[in-house]
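Colleague: Below are the chains, spelled out letter by letter.
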Amino acid sequence: MLHLKRTVPLAIAFLSGILLLIQYFVPHPWSAKFLQYTSDWQVTLAYAALLLGVGSLVQSHVTKARRKAPGWGFSAVALAAFGITVAMGMWWSVHTAWQSRTDASIVTTGSGEGSPLSWVYNSLLFPMGGAMFSILGFFIASAAFRAFRVKSPEATLLLLSAIVVMLGQVPLGAHLPGIPQLSAWLLSVPTTAAKRAIGFGVALGSIATALRVIFGIERAYLGGE
Amino acid sequence: MIRVAAIFLLTAAALRAQSFEKLEVLDAPGDAGGAAWVIWKRLPAESDEEGAKRITYVVSVAKDATGDFEEVARFPATAKFMSDNTEAFGWSKKTADWHAVKVDAPGYEDGSAANFPVYAKVVALSAESEIASGTASGIARPNWLTASKFNVFVFIALLGGVMMFLIARARRNSEIFVRRIPGLDAMEEAIGRATEMGKPILFLNGLNDMSSISTIASTAILGQVAKRVATYDTQILVPCFDPVVMAVSQEVMREGFISAGRPDSYRPDSAFFVTSDQFGYVAAVDGIMMREKPAACFYMGYYYAESLLLAETGGTTGAIQIAGTDSVTQLPFFIASCDYTLLGEELYAASAYLSREPIQLGSLIAQDWGKLFVLAAIVIGTVLALFHVQTFVHMVATY
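So the sequences go chain by chain: A and B. Residue numbers for the first sequence follow our numbering, so the first one is 1 and each next one is one higher. Residue numbers for the second sequence follow our numbering, so the first one is 1001 and each next one is one higher.
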């Protein structure tokens, strides 16, 4: 049993890792086909895992609603929304399948233009997502307020830099001598240098982690040490 | 005016007296097939820049010598040199004396592994005359190796070799110094605080799937956190963005509870799937934060625009917040909103740091050696570039 839980996954990780590493250096069409094949596998597995996700979602909300746990009303709404959305998709599939019997131009689908699912997406999901995103503006202001409080020489430097960059981004800044140039310099020189330094660390860390996974040194993702 | 007319006449006369030298068709190196380079030496009339401006090249290709030649490129003699394509021709100064045009093999179909013959002709045109080359031929074939990526291979092999050496050394000597990472030291404190307050811990794995290195790193951290959570008998919540990440998180946590000797305390529903919609996920997690009021929030993995929405909401609940991400654009938001932030590579180091395993710590030191190598390369490259020596820069360039 332990053999199946540890050795087999480690062997699969090693083999897949080595093959995909070699694939990066091989431009031959067979190599590209192999990459496409593994990508297709990944997509297939992801869709199979979606069932797992849906199962978890339904189970956790049903349990909450059944136990009348605090905030169970939200679970009830989530379950109702889930059920209605699935029903809408299925109904539209049946509807288009029925219509396609007489009109060959109609494709059987659960979504698409004019479908209830597209209405759910355009009229509910999209605006709600937009509303969440719009809060970001206020959160940036509050986070900036905290970050720019002058508590130390570094914070003072941060505040001054922020003022220059902010002025450089607005029409008023264009009329202040030197501000657009200083703002552009701050963005393109010190900021880029810091970003690249972090980028080097990230790249090296990624390679080291990938090698650790390939050679079975890093096993935590399998639930081991 | 007289000077221009003189150059014009001289170019026409010079062109009439010349012929193409060394026209060749070469297979494009390191490609999937179907492409070739047509190269030829610059005509003597191009030695003068004004003269070069008055010459236009026309390149035509066909699939056999007697077939219909189709025009594929037309450009002035001041453009398209071998030296513009260091990936294919290297960085020798001689490449500046040659023109080079990349052409598609006639009849090539994308994804085909067959060889395709390419026949090419070049015509040099000026206002008053034209000279045509003979026909050159070559084969466009798919290649098995990319020479231009050789430097990447060498770097990975070197880093891998150094890593193995340091791991072997770490096995013999487990006394390895690793600098303190305050964010990771604070994890213990955060879990202790949650235990004292009787409130749960919220752990997020980021918004990428399991194929992302940062997600692998975050699940490794989750394993270590789960062990401590089991020891302290605290509650942990792991809302997931991806179902595969959820399954891995459940397994990692289960093993963490088992290794802490408390398998009975593990609750499989601690890690649960929320949604794969970015802002739907944010809304759900923010809702959990506001209802459950966690004592500690861990944001590990890769984040996008939602980072600040999560961290600011977590901040309003009074939770101690520790973030770790390799998303450079989101780091400032986490730094502004969280108590501790693991910057980039510290996220990958977290698992080794928390587990204190000599083998893992050995691989951490290899990363530092890699950084030293990069630093040395930057200094050497900068110094050489100041003296117009570009060889080293080309050696480390990626294509």
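Since the hints were derived computationally from the structure, they do not count as laboratory data. Be careful, since some hints might not be right.
Pairs of lysine to aspartate or glutamate residues, derived as DMTMM-like cross-links and limited to a Cα-Cα distance of at most 25 Å, are as follows [unchecked claim]:
id, chain 1, residue 1, chain 2, residue 2
1, A, Lys195, B, Asp1339
2, A, Lys64, B, Asp1233
3, A, Lys33, B, Asp1233
4, A, Lys64, B, Asp1286
5, A, Lys5, B, Asp1269
Predicted model only: the values in this text are computed from it and were never measured.
Colleague: Run every hint past the structure and note whether it holds.
Modeller: Here is how each hint holds up against the structure:
1. For the hint pairing Lys195(A) with Asp1339(B), the CA-to-CA distance comes to about 21 Å; that is within 25 Å, so the pair holds.
2. The suggested pairing of Lys64(A) with Asp1233(B) holds, with an alpha-carbon distance near 22 Å, which does not exceed 25 Å.
3. About 50 Å separates the Cα atoms of Lys33(A) and Asp1233(B), which puts this hinted pair outside 25 Å; it is violated.
4. Taken as a hint, the Lys64(A) and Asp1286(B) pair is honoured in the structure, with Cα atoms around 18 Å apart against an allowance of 25 Å.
5. Distance restraint check for Lys5(A) and Asp1269(B): the Cα-Cα separation of roughly 21 Å lies within the 25 Å cut-off, and the hinted pair is therefore satisfied.
When the structure is compared with the earlier hints, a violation turns up for hint 3 alone.
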